[in-house]
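Visitor: Construct the complete structure from the given sequences, taking the supplied hints into account.
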Amino acid sequence: MRSDLQLHFRLYNACFPVKGAEMGLICDVQRKEAFHIPNLLVEVLEKAYDHSVESIKGQFHHQYDEGIDAYLGELAKLGIGFFTSQPEAFPAMDLTWESPLEVYSAILEIESAGNYDVADVLRQLDRLGCAGLQLRFLRPFSTREIGDLLAPTKNSRLKFIELYIADNGEAAENLFRLAEGNRRIVSLVVHSSKMAGLVASEKPGEPLQVVFTDQVVGRGQPDVVRPEDFVASISIITEAMQFNIGLNRKISVDADGFIRNYVSHETGFGHVSGVKIQDVARSAGFQEKWLLHNDRIEKCRDCQYRYLCLSNSDIVEEDGKYYKKDTCRFDPYANIWR
Amino acid sequence: MSAAIPVRHLVFSTAYDPSTDHVLDWMASMGGQFLRLNTNNQYIEKEDALISAPAPGMEKFRSIWFRKICGLARQDWILGDSLREDRKAFRENLDFFNQYIERERKTFYDYFYRSFQSERILSPYEPIQLNKLDVLRLAAATGMDTPKTLVTRKKDVLERFRAEIPQGVINKSIAEHLFFEGPPPEKNMYSNYTEEITDEIIREMPDTFDFSLFQEKLDKAFEARVFYLDGACYSMAIFSQDNTRTSLDFRRYDKKNPNRLANFRLDERQEAQVHSLMQQLGLNTGSLDLVRTRDGRMVFLEVNPAGQFGMVSQPCNYHLEKRIASFLTAGNER
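So the protein lines, in turn, are chains A and B. Counting from 1, one number per residue, gives the positions in the first sequence under this note's numbering. Counting from 1001, one number per residue, gives the positions in the second sequence under this note's numbering.
The calculated DSSO-like cross-link candidates involving lysine-lysine, where the alpha carbons are at most 27 angstroms apart (straight line), are: (1) B:Lys1068 / A:Lys159; (2) B:Lys1187 / B:Lys1068; (3) B:Lys1187 / A:Lys203; (4) A:Lys57 / A:Lys19.
Derived from the structure by calculation, the hints contain no laboratory data. On a predicted model such as this, the values are computed, not experimentally measured, just so you know.
Guide: Here's what the structure looks like:
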């Protein structure tokens, strides 16, 4: 047995330490929890893959020996990490993120059937291997019309479809029947509704629910960043270290048929009747914002939630610095939500 | 003249298998043209068509991947309802009758799957049917640490085995675990698990019983799952000992307090043993289960030739789906 001097500390795979301006965070993407920790502990954990606990203490001139022991002991007790005398058996995880898909998901605003050729857009997205689709029906369409519009998705490579439907006065049962005929539908929201609440199917075993809300989904509906919407997986966190997770490999077509990074963004990349989605998706101009991840954006780079935040805000440049246009309520310098 | 798209790669899988989807996304991004056959999906018609009238260019594939082959499903069992004569005799022997049907199908399928030819086959069809006892003996011969194992029908033999192993013995299946669904409306799922065989249980056992496998109980520090692909090991440590419910067999998933995982690496000698074992088994891929004991042993338990790589790939970020796609396309599609 080796002596305790050679003891190393490892975080379990699902636990990522993140430094913030005021406060650090450990994101536990397996248990879907986050722990606030001092930034100094983040520094200790960042050194842990290359140095024994004793060596790390030395690097801090033995000023924090007691604190380091207490914190690491507590993390082990909480099941966040473990001590090992065999550091070579537990190598660090490779943090690169890769995807085979040129376009991961698309948002289509649909206001009237004539503004652009939805079926053609869906066929183009399928050829790109698009995995997810969100259709936002801004005005009431009948369930039958929606079903007809969705016809090209049936034998496509699409994996999931989310529908936001302006209340058409029909019963939820019609939507359940629509979903039965198209198993890719995973989410059904009826917006601009007089009622609010969840409706479950009368059929046993049907996992889908229809969400009714009085909220209106309009043109260029911006998303609001709230901590309760943070999502996390190893894939999301590693992607967020390299890409803007709100925008990367995502395509939006607004109600008039113009292609944008997100429906609320100012810059358009042509009308779907005139340009091919594939050409836009492969253009450097369209991909520019995919690469502007939170580590490259002022304020966000100091935020401990930066690898969890799906903000798809437009980004502006001033004097070589990038800023989000829709800023959130979190102040990382005071560590409070305002 | 319109030329048919050349199908270069063939994938046998089942419907709704996200791991297959993910690999095929990668193959598509590499320019690979593939045909996916879901073996649980109206398969008879497809097979019939393929055999009696093979499409041009489909006889030889650049690669074939036997990802998943679906066996005879319970809903496919013959219930004897439509029999007009001797209904009673058949219905009283339905299990026997269905075993006959299973053998008929298996003989046909063995012929059918072997008839697909390629220089590059991932998970060859033939060695997928491994005998766990053969594998254990082979692993030991390769130099791997294996658990003391006994197969017996006799209580007194078991008692002597137990007496030699102070830490205790466990019982598990000789072949595959059993899964079945109970009657409606509850439709409970039943399965057998690895269990400790205590002295009290042994005392209550009859003097003879059917062939059963007993193994020394290992004092686990953690389990290791090794996904082997074409000479390389991708390993993960699974920490389940803190939780008594999963301490013997982590298939009893505990959702509230999930097992913790960490990237793991076998030492060089152990990796060479894994490689040697897999070569002797004729497998170019598979999942291996090992246990690290508290006193430092690395004990080999078994090989699963159709291992779930997704459960190693995602938590360890090994990109196995891409590596499998690269293997199948041999990196030369584009």
